[in-house]
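Chains A and B, in that order, give the protein sequences. Residue numbering for the first sequence follows my numbering, beginning at 1 and increasing consecutively. Residue numbering for the second sequence follows my numbering, beginning at 1 and increasing consecutively.
If you're looking for bench data, these hints aren't it; they were derived computationally from the structure. Quick reminder that beta carbons are idealized off the backbone N, C-alpha and C, glycines included. Check the hints yourself; a few may be wrong.
To give a feel for the contact side, a few chain B residues facing chain A, derived at Cβ under 7 Å [to be verified]: (1) GLY82; (2) LYS83; (3) GLY161; (4) GLY319.
2 protein chains.
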Amino acid sequence: MSTTSQDVLDRVERERQDYLEELEEYLRIPSISTDPAFKDDVLRCAGFVVDLMKDAGLEARLIDSAHGGYPLVYGEWSGAPGKPTILFYGHYDVQPADPIELWEHPPFEPAVVGDRIYARGATDDKGQSFAHLKAVAAMLAERGSLPINVKFIIEGEEESGGETIDHFVSEDAGELLACDAVFISDSAMYAPGQPSLIYGLKGLAYMEIKVTGPNRDLHSGSFGGAVTNPLNALAQIVGQLRDAKTGRILIPGFYDDVLEIEDWERSEFAAFDFDEEAYRGELGVPELFGEEGYTTLERTWVRPTCDVNGIFGGYAGHGAKTVLPAWGGAKVSMRLVPDQDLEKIERLFTEYVQSIAPQGVEVEVTSHHGGQPVLLATEGPVVDAAMAAMEDIWQRPVRVREGGSIPIVSTFSSVLGVPILLLGFGLSDDCLHSPNEKLDLGNFYGGIRAVVRLLDRLATTQVS
Amino acid sequence: MSTTSQDVLDRVERERQDYLEELEEYLRIPSISTDPAFKDDVLRCAGFVVDLMKDAGLEARLIDSAHGGYPLVYGEWSGAPGKPTILFYGHYDVQPADPIELWEHPPFEPAVVGDRIYARGATDDKGQSFAHLKAVAAMLAERGSLPINVKFIIEGEEESGGETIDHFVSEDAGELLACDAVFISDSAMYAPGQPSLIYGLKGLAYMEIKVTGPNRDLHSGSFGGAVTNPLNALAQIVGQLRDAKTGRILIPGFYDDVLEIEDWERSEFAAFDFDEEAYRGELGVPELFGEEGYTTLERTWVRPTCDVNGIFGGYAGHGAKTVLPAWGGAKVSMRLVPDQDLEKIERLFTEYVQSIAPQGVEVEVTSHHGGQPVLLATEGPVVDAAMAAMEDIWQRPVRVREGGSIPIVSTFSSVLGVPILLLGFGLSDDCLHSPNEKLDLGNFYGGIRAVVRLLDRLATTQVS
Numbered sequence: 001m002s003t004t005s006q007d008v009l010d011r012v013e014r015e016r017q018d019y020l021e022e023l024e025e026y027l028r029i030p031s032i033s034t035d036p037a038f039k040d041d042v043l044r045c046a047g048f049v050v051d052l053m054k055d056a057g058l059e060a061r062l063i064d065s066a067h068g069g070y071p072l073v074y075g076e077w078s079g080a081p082g083k084p085t086i087l088f089y090g091h092y093d094v095q096p097a098d099p100i101e102l103w104e105h106p107p108f109e110p111a112v113v114g115d116r117i118y119a120r121g122a123t124d125d126k127g128q129s130f131a132h133l134k135a136v137a138a139m140l141a142e143r144g145s146l147p148i149n150v151k152f153i154i155e156g157e158e159e160s161g162g163e164t165i166d167h168f169v170s171e172d173a174g175e176l177l178a179c180d181a182v183f184i185s186d187s188a189m190y191a192p193g194q195p196s197l198i199y200g201l202k203g204l205a206y207m208e209i210k211v212t213g214p215n216r217d218l219h220s221g222s223f224g225g226a227v228t229n230p231l232n233a234l235a236q237i238v239g240q241l242r243d244a245k246t247g248r249i250l251i252p253g254f255y256d257d258v259l260e261i262e263d264w265e266r267s268e269f270a271a272f273d274f275d276e277e278a279y280r281g282e283l284g285v286p287e288l289f290g291e292e293g294y295t296t297l298e299r300t301w302v303r304p305t306c307d308v309n310g311i312f313g314g315y316a317g318h319g320a321k322t323v324l325p326a327w328g329g330a331k332v333s334m335r336l337v338p339d340q341d342l343e344k345i346e347r348l349f350t351e352y353v354q355s356i357a358p359q360g361v362e363v364e365v366t367s368h369h370g371g372q373p374v375l376l377a378t379e380g381p382v383v384d385a386a387m388a389a390m391e392d393i394w395q396r397p398v399r400v401r402e403g404g405s406i407p408i409v410s411t412f413s414s415v416l417g418v419p420i421l422l423l424g425f426g427l428s429d430d431c432l433h434s435p436n437e438k439l440d441l442g443n444f445y446g447g448i449r450a451v452v453r454l455l456d457r458l459a460t461t462q463v464s
Numbered sequence: 001m002s003t004t005s006q007d008v009l010d011r012v013e014r015e016r017q018d019y020l021e022e023l024e025e026y027l028r029i030p031s032i033s034t035d036p037a038f039k040d041d042v043l044r045c046a047g048f049v050v051d052l053m054k055d056a057g058l059e060a061r062l063i064d065s066a067h068g069g070y071p072l073v074y075g076e077w078s079g080a081p082g083k084p085t086i087l088f089y090g091h092y093d094v095q096p097a098d099p100i101e102l103w104e105h106p107p108f109e110p111a112v113v114g115d116r117i118y119a120r121g122a123t124d125d126k127g128q129s130f131a132h133l134k135a136v137a138a139m140l141a142e143r144g145s146l147p148i149n150v151k152f153i154i155e156g157e158e159e160s161g162g163e164t165i166d167h168f169v170s171e172d173a174g175e176l177l178a179c180d181a182v183f184i185s186d187s188a189m190y191a192p193g194q195p196s197l198i199y200g201l202k203g204l205a206y207m208e209i210k211v212t213g214p215n216r217d218l219h220s221g222s223f224g225g226a227v228t229n230p231l232n233a234l235a236q237i238v239g240q241l242r243d244a245k246t247g248r249i250l251i252p253g254f255y256d257d258v259l260e261i262e263d264w265e266r267s268e269f270a271a272f273d274f275d276e277e278a279y280r281g282e283l284g285v286p287e288l289f290g291e292e293g294y295t296t297l298e299r300t301w302v303r304p305t306c307d308v309n310g311i312f313g314g315y316a317g318h319g320a321k322t323v324l325p326a327w328g329g330a331k332v333s334m335r336l337v338p339d340q341d342l343e344k345i346e347r348l349f350t351e352y353v354q355s356i357a358p359q360g361v362e363v364e365v366t367s368h369h370g371g372q373p374v375l376l377a378t379e380g381p382v383v384d385a386a387m388a389a390m391e392d393i394w395q396r397p398v399r400v401r402e403g404g405s406i407p408i409v410s411t412f413s414s415v416l417g418v419p420i421l422l423l424g425f426g427l428s429d430d431c432l433h434s435p436n437e438k439l440d441l442g443n444f445y446g447g448i449r450a451v452v453r454l455l456d457r458l459a460t461t462q463v464s
């Protein structure tokens, strides 16, 4: 036991370069779970993580998906009976890399430039999750034991909405995964040097609309005017999802279950040092725009959204093709907030789209996957220990909510019934899901050190 | 001179197979003018047409584009001084073949199945234009001379909106191309066995909209709600081009110069044997839909249209990607009718799109190319001779208008000041611009015979 963890922190300092090289090896695996072409790479990546855990001194194994998905990687060290158990969650899969031509370095050839490492998955979530594992590895290497018990569950379908982990956690019912807290780093700090505790996550409803018209592509001159053009119809449908003037989503009933922002949230958020003009400039937009009556932070953290993720149909090549296309489609996702319900929103979306479908075409709506929104604890002994561990490295975390979705969090919350700590080491300019994703190495090493401190702090915490 | 042309028609009958094999050779050249990847093929195709003309007994040559485009092919036979001169127009370029996976035979490997030939360009326009040339070739082979003078001008940019021929005709000012009539077969008959004289063509305004938001693709969770999503904005713009309920185009001023349908047109069209239910069934749409107050024929022939030809942006691959894309675009074309003006419509479109552009994005509108609408003569000695020649083979053509655009026709009309005869050999199910384009061989040979008859008939026609 250590009140400063200096022994382990010294080792972390000595072994910086080794950790970086291991991380690079991890980032070289193109574990894109949403694209079947990368199946072998995703599976190889799972095996790589098992080996990482074994090398760290954990008992580790693959847990095959009971539903045809990618395996979970499970690891544990349980040599501290009577002490708390913490479960670390992460994911070893990554987003697709396209548009690949916009990367300054190839997405799967990690490049260290200055104090940053660039690669797909650097921050989301290989780099952050790897920091947990290295903290445990360093402590076991230095001391031969840990002050508390640890478990790891690393999934391979986070970026593709696979339900393997959700089914596993629900069916396991907290047996294998029984713990006193879950620790997840798959998010960004509020600002460089200012960590944040995320106590609210949005849910996600991801829909696809397909509009079908004639049974073949037609000459737009010969047939234009006689039939509904599926792309005109698609645009009419998609264009009616959100009011361009108020920023409100137009699906009837969409806001019925939305929890209004509380006064303490509004005032805490308003006190943050948030520079709208710098934010706008960094994104390169002519102006920020969103739902009327809310600030930018409130829009992204507390209010539900509806974004077109992709739209496609007809001719997209060089020059002009005078075609009246047979079909078109769009991918549309909605970020949900408490107490919206995923299934209800999927139903309302589908009914609304069908109700506004123009005459003369067939409209099909399908659901890709989703997750429920969640609100988490903002106080208690485990939360306090984690806040203190972060403060040991940086400063005390601020309490924030987050526009992103981590579908498994609501399942953990309901099945395990323990505090869930969302404390990330990323930054808002990490370009996750975009070209040139990166992780600041200062945050990578800081994350390792924070988890080292967390383990030592939890050893003396009365968790319940 | 022949009142029946039997000598030449007999030769055409004997040489059917040779003509077919030559046509197949022509169709094998993928002369896709809109895609720079096919540049060598387009140029090779121009040379092929020169050789065809020389083999037929014409003086033929390439006329290089003065504007960096593809060359024109010019051919003539002027051995009948004092007799009329007819100018045949056609194009040797073709549409792109995508979506290529829907072709039952490869698009550039012509397949004769029963009484049809399948290939890209079979009807549009290689097959039809080639019929003109073979009629002249057969007559010259049989008689050693023609009863009138002929000229050919075959261009290579019809499908890509290139302006080489337009500039050439305008600058030539009717010197080289001086003639008594222009004959064009780049259209369909009204029905099998029922030819049609097209006396009205639509113009074309082909626009592209690009909507740009953030300077990179963003995570739709982290940034959703804070900025205008370019794809939501694009759909809102495109969705407001046409009223989904009335079928009316919503661009202010769009209809200002539209000539209303005349009573004689309405009654002639209404008398046609047009089976709406069969037409609907053949297109595979749940119902026909178009501008209120007009029949399907009127919508396609007499009323202007606005069709989305392509829409694109964000993620279009497998599964789900939670991206808020940096940009999106759409190709939108409008078919114009007399007396709409191309430049005015392009301006109205651009102003309207800018006026409805949502906040928070940049919208750019560009114009690809276009053509003016045109109305042509429906009577006179040349029209009569052509109608009679068609009647010799099939029956008397009906007078129709057409939704398609042949931009050069309005230029011919204004520069040459002579009747322009639009008499096609295609059929409405030829799938031009679609997979599995075809030409009925009966119409191919019928077209050759009709042109043979036209030449003999014009020899005794007082053209002016």
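Hint check:
At about 39 Å, the closest approach between the beta carbon of GLY82 of chain B and any beta carbon in chain A exceeds 7 Å, and the interface hint on this residue is violated. A cut of 7 Å between beta carbons decides the hint on LYS83 of chain B: the least distance to chain A is about 35 Å, and the hint is violated. Because the smallest distance between the Cβ of GLY161 of chain B and any Cβ of chain A comes to about 6 Å, under 7 Å, the interface hint for this residue holds. Interface restraint check: GLY319 of chain B against chain A, minimum CB-CB distance 4 Å, threshold 7 Å, status holds.
Hint check: violations occur at hints 1, 2; the rest are consistent with the structure.
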